[in-house]
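**Student:** Sequence:
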Amino acid sequence: MSADTHLTDLSLRLLGRAYDQLDPEESRVVRAVAERALTSRDVADIDDAQASRGDRLADRVAAVGGSWGFIIVFTLVLFGWMLLNSEVLQRFGLAFDPYPFIFLNLMLSTLAAVQAPIIMMSQNRQAAKDRLTASVDYEINLRAELEIMRLHEKLDQMQFHELREKVEELCDRLDGKG
Numbered sequence: 142m143s144a145d146t147h148l149t150d151l152s153l154r155l156l157g158r159a160y161d162q163l164d165p166e167e168s169r170v171v172r173a174v175a176e177r178a179l180t181s182r183d184v185a186d187i188d189d190a191q192a193s194r195g196d197r198l199a200d201r202v203a204a205v206g207g208s209w210g211f212i213i214v215f216t217l218v219l220f221g222w223m224l225l226n227s228e229v230l231q232r233f234g235l236a237f238d239p240y241p242f243i244f245l246n247l248m249l250s251t252l253a254a255v256q257a258p259i260i261m262m263s264q265n266r267q268a269a270k271d272r273l274t275a276s277v278d279y280e281i282n283l284r285a286e287l288e289i290m291r292l293h294e295k296l297d298q299m300q301f302h303e304l305r306e307k308v309e310e311l312c313d314r315l316d317g318k319g
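Using my numbering, the letters of the sequence shown map in sequence onto residues 142 to 319.
The set of hints was computed from the structure by calculation and includes no laboratory data.
Computed from a predicted structure; not experimentally measured.
Do not rely on the hints blindly, as some may be mistaken.
[Claimed, not checked] For each label pair, taking beta carbons as the anchor points, the in silico distance ranges come out as:
1. Leu273 to Leu296: 30 to 38 Å
2. Val205 to Phe244: 21 to 29 Å
3. Met290 to Leu249: 53 to 61 Å
4. Ser181 to Phe244: 29 to 37 Å
5. Asp145 to Leu311: 38 to 46 Å
6. Leu252 to Arg182: 36 to 44 Å
7. Leu217 to Glu176: 56 to 64 Å
8. Arg182 to Leu304: 38 to 46 Å
9. Arg194 to Gly221: 41 to 49 Å
10. Leu217 to Thr274: 33 to 41 Å
[To be verified] Restricting the straight-line Cα-Cα distance to at most 16 Å, the calculated cross-link-like pairs of lysine to aspartate or glutamate (EDC-like) are:
11. Lys270 to Asp196
12. Lys270 to Asp188
13. Lys270 to Glu167
14. Lys270 to Asp186
15. Lys270 to Asp161
16. Lys270 to Asp200
No residue lacks a Cβ here, since even glycine has one placed at the ideal position from N, Cα and C.
Required output: the full structure, derived from the provided sequences and hints.
**Tutor:** Structure follows, in structure tokens:
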């Protein structure tokens, strides 16, 4: 029996559809069942292999920008800037951004304009990673279901053969007594 015929027979028996009608996840699972291979895959490894340098940079920027450390340091820098330009340097007439801190507002606006799309890129990447995780989970769950079905079939066959043997044994006993 050819490999294609075996895959088609297996997919018909387990999923009720021909192998060429299966979606990619189901095809991988049926192929893994036929080859007795593992179905699980490490999503982190797949994601790392697909990530570009820019993707990894976006993830790092989002990780740093969304941390308490960044918030605390950023708050300290803001208060330091305001204190320096309103009290300390103002006394000597050297304040480079006096109240209402227009240069500080410009820098904050620029930071927000750059940081927002980077965080969105990281969120899109995380959503793609979540979809990949869901796909791998589906494959593993499908594989588990199919293996359970195959085990049930084997148990049913074993019980059927055992019952047949017992019936034949009883028939032989009855024939011997009759």
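**Student:** For each hint, tell me whether it holds in the structure or not.
**Tutor:** Taking the hints in turn, this is what the structure says about them:
1. Leu273 to Leu296: 30 to 38 Å: The hint (30 to 38 Å, Cβ to Cβ) holds, given that Leu273 and Leu296 are roughly 35 Å apart.
2. Val205 to Phe244: 21 to 29 Å: Distance hint for Val205, Phe244 holds at roughly 23 Å.
3. Met290 to Leu249: 53 to 61 Å: holds, 60 Å
4. Ser181 to Phe244: 29 to 37 Å: violated, 54 Å
5. Asp145 to Leu311: 38 to 46 Å: Distance hint for Asp145, Leu311 holds at roughly 45 Å.
6. Leu252 to Arg182: 36 to 44 Å: holds, 38 Å
7. Leu217 to Glu176: 56 to 64 Å: Given about 59 Å between the Cβ atoms, the range holds.
8. Arg182 to Leu304: 38 to 46 Å: Hint holds: Cβ distance 41 Å, inside 38 to 46 Å.
9. Arg194 to Gly221: 41 to 49 Å: violated, 33 Å
10. Leu217 to Thr274: 33 to 41 Å: Once the Cβ atoms are compared, 37 Å apart, the range 33 to 41 Å for Thr274 and Leu217 holds.
11. Lys270 to Asp196: Judged against 16 Å, a Cα distance of about 12 Å means the pair holds.
12. Lys270 to Asp188: Holds. Lys270 to Asp188 sits at ~7 Å (cutoff 16 Å).
13. Lys270 to Glu167: Roughly 19 Å between the alpha carbons, so the hint for Lys270 and Glu167 is violated.
14. Lys270 to Asp186: holds, 11 Å
15. Lys270 to Asp161: violated, 27 Å
16. Lys270 to Asp200: holds, 12 Å
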